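Asker: Spelled out, the chains give:
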Amino acid sequence: MSETSTAPAAAKPATPKPPTTTILAGLSKALMDAFAEDDKLLALGEDLADPEGGGIVGVTNGLSTRFGGQRVRSTPIAEQAIIGAAIGASLVGYKPVAEIMLMNFTTVAMDMIVNHAAKLRFMSGGQTSVPIVIRTMTGLGYGSGGQHCDYLEAWFAHTPGIKVVAPSTPQDAYGLLRSAIEDPDPVLFIENLPTYRTPMPGELPDAGHRVPLGKAAVQREGTDVTVVSYSRLAGEARAAAELAAAEGVSVEVIDLRTISPWDRETVLASARKTGRVLIVHEAVKAFGAGAEIAAVVGEELFGQLKAPVRRLGGAYSAVPYSKPLESAYAPDRARIAAAILALAR
Amino acid sequence: MSETSTAPAAAKPATPKPPTTTILAGLSKALMDAFAEDDKLLALGEDLADPEGGGIVGVTNGLSTRFGGQRVRSTPIAEQAIIGAAIGASLVGYKPVAEIMLMNFTTVAMDMIVNHAAKLRFMSGGQTSVPIVIRTMTGLGYGSGGQHCDYLEAWFAHTPGIKVVAPSTPQDAYGLLRSAIEDPDPVLFIENLPTYRTPMPGELPDAGHRVPLGKAAVQREGTDVTVVSYSRLAGEARAAAELAAAEGVSVEVIDLRTISPWDRETVLASARKTGRVLIVHEAVKAFGAGAEIAAVVGEELFGQLKAPVRRLGGAYSAVPYSKPLESAYAPDRARIAAAILALAR
Amino acid sequence: MATPDAFEPDSATLLEIYRRVALLHANDERARKVIRSGQIAMVYYSYRGQEVIPAALSAALRDDDYLCTIYRGIHDMLAKGFPLDILWAELAGRATGSCKGKGGPMHLTYPEKGIMVTTGVVGSTMPIANGLGWAAQLDGTDRVVVATFGDGASNIGAFHESLNLAAVWKLPVIFLCQNNQFAEHTTYEAGTSAKQIADRAQGYNIPGVRVDGNDPAAMYRAAAQAVARARAGEGPTLIEAMTFRFMGHVFGDPDAYIPKDMKAAAMADDPVPKFRARLIQDGIATDDQLSAIEAGIEAQIDAAVAFALASPFPETDELRRDVFAEEIAA
Amino acid sequence: MATPDAFEPDSATLLEIYRRVALLHANDERARKVIRSGQIAMVYYSYRGQEVIPAALSAALRDDDYLCTIYRGIHDMLAKGFPLDILWAELAGRATGSCKGKGGPMHLTYPEKGIMVTTGVVGSTMPIANGLGWAAQLDGTDRVVVATFGDGASNIGAFHESLNLAAVWKLPVIFLCQNNQFAEHTTYEAGTSAKQIADRAQGYNIPGVRVDGNDPAAMYRAAAQAVARARAGEGPTLIEAMTFRFMGHVFGDPDAYIPKDMKAAAMADDPVPKFRARLIQDGIATDDQLSAIEAGIEAQIDAAVAFALASPFPETDELRRDVFAEEIAA
Ligand SMILES: Cc1ncc(C[n+]2csc(CCOP(=O)(O)OP(=O)(O)O)c2C)c(N)n1
Ligand SMILES: Cc1ncc(C[n+]2csc(CCOP(=O)(O)OP(=O)(O)O)c2C)c(N)n1
Ligand SMILES: [Mg+2]
Ligand SMILES: [Mg+2]
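Residue numbers (the numbering used here), protein chains in the order written: chain A, 1 to 345; chain B, 1001 to 1345; chain C, 2001 to 2330; chain D, 3001 to 3330.
Okay, chain A solo, but in the shape it has when bound (with noise of 0.2 Å):
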C-alpha cells in the first residue's frame, strides 16, 4: 500500500504487489475470532498470555488482554499438566486449546494425550468428550539440533480417537484451526516454527472461513505425477513442481492438511489420473506417516499404477546441529524435484 501511495505522480503506474500475509498472523486471528464468537474457549500453556509475552513466537499475543486470564493462561513448565487441565475443563463444556511450546515436548505428555484425551470418549461409552485442541510448534531448520525439532505425528496417526492437523498455508491455517476449536473431539495441531513469517501469497480470510478436517487440498493440478505432502514440506513440494514444468513433467500437488483421518478419495482420485505417487515428510521417512499413505495407494491401485509408489522423508538418524547436515537432513525442493524426474522417466 505505502508504494503506491509514495509513487511519483509522474512514474508509470506501479503493479500492486500482490498481497501476502502469515502463518503466524493467521494463526492469531483465528485464536482472536473464535474467542471473540464462543466464550467457552480457553487457551493454556506455557508463556502464553501477555504478561509473558503472549508466546514465545506471538500466536497469543493479545488473547489474555482482550479474553482475560482466567480464560487464557500461562503455565507452569508442565505438559501433563497442561493437558490434563485442557482435558478437565472440556469434559465439562469448555474447548481449550492447550499449547504444548515444540512437538519434543509432546513426549512428557504421551499419558495424557494418549491414554485419556483420545480414549475418554470410547472408555466411557460417550458419556463424555475431550473438544481440545492441541497446538505444537517444530520443524527444523534453526539449528535447534536433535531435541527441538522432530515431527512425530506418525504417532498421534496411529492414536485412534485424535485427530492430526497441519497447515502449510496462512489461510490453512486460518480455516484449520478454526475447524479444529469446532471439532467435538482432540485435534493435535501442528505448526512448522521456521515458516511463521514467511511471507505468502493472499489476504487473512475473514471470519467466516473455514477448512474441513479431513479434506485435502489440490493446490496444483497436473497429469504426470502426484506428489502428497502436507506442513512445511507441502510448499516444498509445490516449488518442486514448478521445476518438475521447467523439465516438462506435470504435477498434482496435495497437501493432505489433515494426516488423520486423510483424504483417501482425493489421493486415490489423483493417483488414479496420474499413476505415480511421491509422498513427502519432514519426519523420519521409516514407520512415518507415508508408510500408511503408500500402503493404501498401492493396495487399493493394484495393477493401476505406472511406478511404484515413492516416498521421501527426513533421515534415519536424530536431527543433526551442524547445518550442513541439518540441511541433508530432510527433503527439499530440489530433492523433491529429482524424486519427481526419475518417477515421471
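It should be emphasised that the hints constitute simulated quantities derived from the structure, not laboratory data.
Treat the numbers as computed from the prediction; the structure is a model and nothing was measured.
Wrong hints could be hidden among the right ones.
If you anchor each label on the Cβ, the simulated ranges turn out as follows [unchecked claim]:
#, chain 1, residue 1, chain 2, residue 2, range
1, B, E1247, A, S327, 36 to 44 Å
2, B, G1202, C, F2251, 43 to 51 Å
3, A, S327, D, A3329, 30 to 38 Å
4, A, S327, B, K1306, 39 to 47 Å
5, D, A3232, A, S327, 31 to 39 Å
6, C, A2006, A, Q70, 25 to 33 Å
7, A, P212, D, K3170, 56 to 64 Å
8, D, A3306, A, D38, 32 to 40 Å
Even for Gly, the Cβ is constructed at its ideal location relative to N, Cα and C.
With chain A's structure known, arrange chains B, C and D with the ligands on it following the hints.
Answerer: The following block gives chains B, C and D with the ligands in isolation, referenced to the frame of chain A:
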C-alpha cells in the same frame, strides 16, 4: 514325564509327550544366564526384586536373591526415573534391563526413551552410548480395557536409534533377550502378557543360544501366500496357515521377531516367491508397523506381485473391555485364515 | 479458616456415612463372590478395608462436585452415588453398563453424579481434576473436585505437576491420597522417601493433612475442612488418609509380601464392624436399624447383579462408535 | 554432618573460583559477540550473571565426578573443564567439535571430564543423573553427580520422580537448581507454588539448602557440604542457588517481561566485578594478577574461536554414523 512313569506296566508304551516350555521361562532363564555371565548387568522396575515378589508376573523371580539387591532393584512408580536411571548407568559401563510394566506406561517415559536413550549416541557424536534394554509387556485378552494392552511398537520403530524386538516363542524370547542385552544400543523388548504361560513346543535353549537382532524367522514354508507377523499374532498366523493348508493353500509364515530394523531380505525373498503378502499385527492397523512393510514390499516388488499387499490389525478404537468386543478387536486365526484364502483366490 | 473441630459430624451424618460404608462393604464382598463363582470374569482391585475414606468424604460433598478416581475406585464411586445396576452391568461388560461395556471396571464413568474419570494409569486423576477445578472457577460456582490416588502414586511426576499447578492457580481441588501402605507389592518405605506424604504439601505451600482414614469422624473432619477451603476459593488441600487394603493388590494376589502380623493387626482392626459397634455403643443406631439398612443393600445388590447378568452384550458395531462424535465408517 | 562453616574456602580456592568465573564471563561475552558479528549462527542461552554458581561448585568437585546440564549450561561445562577448542568447534557445527558438530550448543558432551549429558528438555538432567549415581554406588567409588536445572524445571514431573528415587536409594546426587527467577518469560511466582524451591526437599526427607549463588564463599560452602554428604554415602541434597540471568532467556530476547528496576538492580550487583573487587580488597590477589589471568583467558578463547572457524564441516555421511554402534547402510 510323570505320565510315562506312572503308566501301568501292562499298558501299551505311551508315546512320550513332546516337551513344552513357556515364554515366561525363556525370559527368566535368559536373565539368569545373562546376569551370571556379566556382572555389569542391572535390572530395575516396579516390584521387580524378590522382596516385592520378583516381578508382578514373575519374570525376574529369583534374580535379586541370586545377584543382590543392588543390581536388581525395585523402584517407585516413576517411569521417567526408571528409564533415566537405566540411561545414566548405561553411560558409564553398566547394562541395565529396565522394566516398564505395561506398554501403555511408556507414555509417561517417552521423553527419556525417545529424546534421550535413542539420541544420546548421535547427539554426542558417538562419545556416549546407551546399551539398555527396556522390557515391557502388553496384549489384549484378559479384559483390561483401554489403557493396559496397546501395542505401540510403531512409535519406537519410527524413532531412529532404538531397536524394537518382539518374540513369539520361548526359544526366541531367550535368544532375542540375550542378543538385546548384548547389543550396544537401546532395545525395546515387547512381551505378550496373555501368552506368558502358554505351553509351547520345544525346550529351553542353553546359555549359548542367540537369535540375532534384525533377522526374521521363516517359521513355516509355503508357496502361495506370505504372512508376516510378530509377537502373539505370529502364533495365530501359524495356526491360520494350518487352517489354510486344509483348504489347499500353502502359506509361508514369517515371524519378524525384530520390528526395527526389520529383515527386508527375508520378507522380500518370500514375497518374490509367493507373490502375495499379508501383514498381521495386534496394533491398530492405521499407521501401524505393517504400513511400512506394505509400503516397502509394494515399492520393491512393483509389478511382480500377484495381488495387493493386505494388512490386518487392531480396530480403530481404544481396546474395549467387553469380551465380545475385545475378541472382535484384533485379528485371530480365523480372520487371518479368511484373509489368506481371499488373497489366494 | 475454621479448625477441624468445626466440622465434627453429627449423628445423622455418621449414620449416613455408615450407610455408605455398608454399601461399599457389601458390594466388595459380592464382587469377589461373583468372580469366584465364575459368573463374571474381571480384573478386580478390592478396596476392602478402605471403605470409610470415601464414605466420610462423600458425606462432605455435593452431588454436583466432581470426582476423578482410579482402578481401585469402586468404593469412591459408589459412595458418590454411582447407580448399582449400571455399575454391575458395566463390570459384566454388558450393553446396559454405564459405558456400554466398553470401559469396564477400570474406566467407570457417571457424569450425572460428577464421576468424570476413572483411570488405570497411576497418577493420572490429578492433572485432569485440575481442569475440572478450573472449570468450576470459571463457572463461578463453588463446586469442588476430588482426585483420589494411592500412596504409590504420590511418587509419579503427574502428582507433582498437578499439586503445583493447583496451588499456583488456587484451584478448588482436594488431592486425596488413600495410603494403604502398599503400591502393588512395594512397601511405603521402599518407594516413598517422605516421612509422610502430607509433608509434600509444603513444597506447594498448601495445607497437608494426615488423618486416620479408617476413623469416620476424623476422616469427615479432614474432608469437610478441605471442602470448605476449596469452596471458599482458598485453593487445594492434600489429604493423606491412612488405611490398609485387606485383599492384596488385585483379586487372586496371594500377598506373600505383606508381613503376616501387619496384615493380621490391620484385619483385627477392621473399620467396618468397628464403626458399626461404635454407632450402637454411642446410641446413634440400634443393631436392628443397621441390620435393616444392610438387608436393604443386599437386596439392591441382588437386583443389580441380576440386571447385569440378564443384559445383552454390546454389538461389535460398537467398535465404530464413540471413537469420535461421528460414527466411523465400517 | 559438619556445618557449612567447615567448608569455608581458603584463598587459593577463592582464586581458583575466580579463574573459572573469569573464563565463564569472557566466554559468554565472546559468544554473544561472535553471534552478533555473524561468524557463527546459533541459538544461544546466555548464562551471564550466573557464573559464580558453577565456578564455586566445580571447585568442590573432582574431574571424575559427573555432571548433567542443560541448554543454559556452557558455564557449568566450562567450569568442569570442557576444552575451549572443541567447545567452539561444536558451537560452530564443525567436524572437530566435541560431538562432531552433530550435537550443537544444547547437546555438548565431554565424558573425559565427566560431562555426560546436556539436554534441551526441561527437567531431564535429573533422572539420568540418578543412573550415574547408581553406577558410582555400584562401583564402590565416592564419585558424586551433579544435575543442574532451572527454577522453572522444579515444576516438572521429572524433578519429583528423580528426587524421590535418589532419596529412597540414597544416591550421591546433588540437585542444583539455578534459580534465576524466570522460566523463559514466566516469573517465579507465576509458575512455582513453593515459598522457596528448597522447601521441596522436605517431601523427600533430604536436606534442602537455599543459598546466594552469586556469593562465591556461600555457594562453595553449600556445594562442598552437599558433596561431602554424597561422598559419605548419605544421599542427595537439593541446593537452590539464587541468581539472575542478565541477557534474557535466549540471545535476542528483548526481555520486556522483566521489571526494569529488577533487572537494573541485578545488573548493578553484577557478581563478576564484585567478586574481582573483593579478591583485591581482601588481599587475595592484585589487580595485575587478575588482569593477567583474564588476558590469558582471552588468548585461549581467541585460539579456540580461530580453531573452530578454520575447521571443516562434517560430511553428510555422518548422518549414518552414531545412530547405532554399527554404521547404517547408505
Ligand atoms: C504409570 C503406571 N505405572 C505402573 C502402573 C501399574 N500399577 C497399577 S496399580 C500400581 C500400584 C499403585 O499403588 P498405589 O498408588 O499405592 O495405589 P493402590 O493400588 O495401593 O490403591 C501399579 C504400579 C500403572 N497402572 N500406571
Ligand atoms: C519439557 C519442556 N517444556 C518446555 C520447554 C521449553 N523451555 C525451554 S527453556 C524453558 C524455561 C526453563 O526455565 P528454567 O528451568 O527456570 O531455566 P532457565 O532457562 O531459567 O535457566 C522452557 C519452558 C522445554 N525445553 N522442555
Ligand atoms: Mg497403595
Ligand atoms: Mg530460570
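Asker: Which of the stated hints cannot be reconciled with the structure, identified by number in ascending sequence?
Answerer: As far as the earlier hints go, 1, 2, 3, 5, 8 are violated by this structure, in ascending order.
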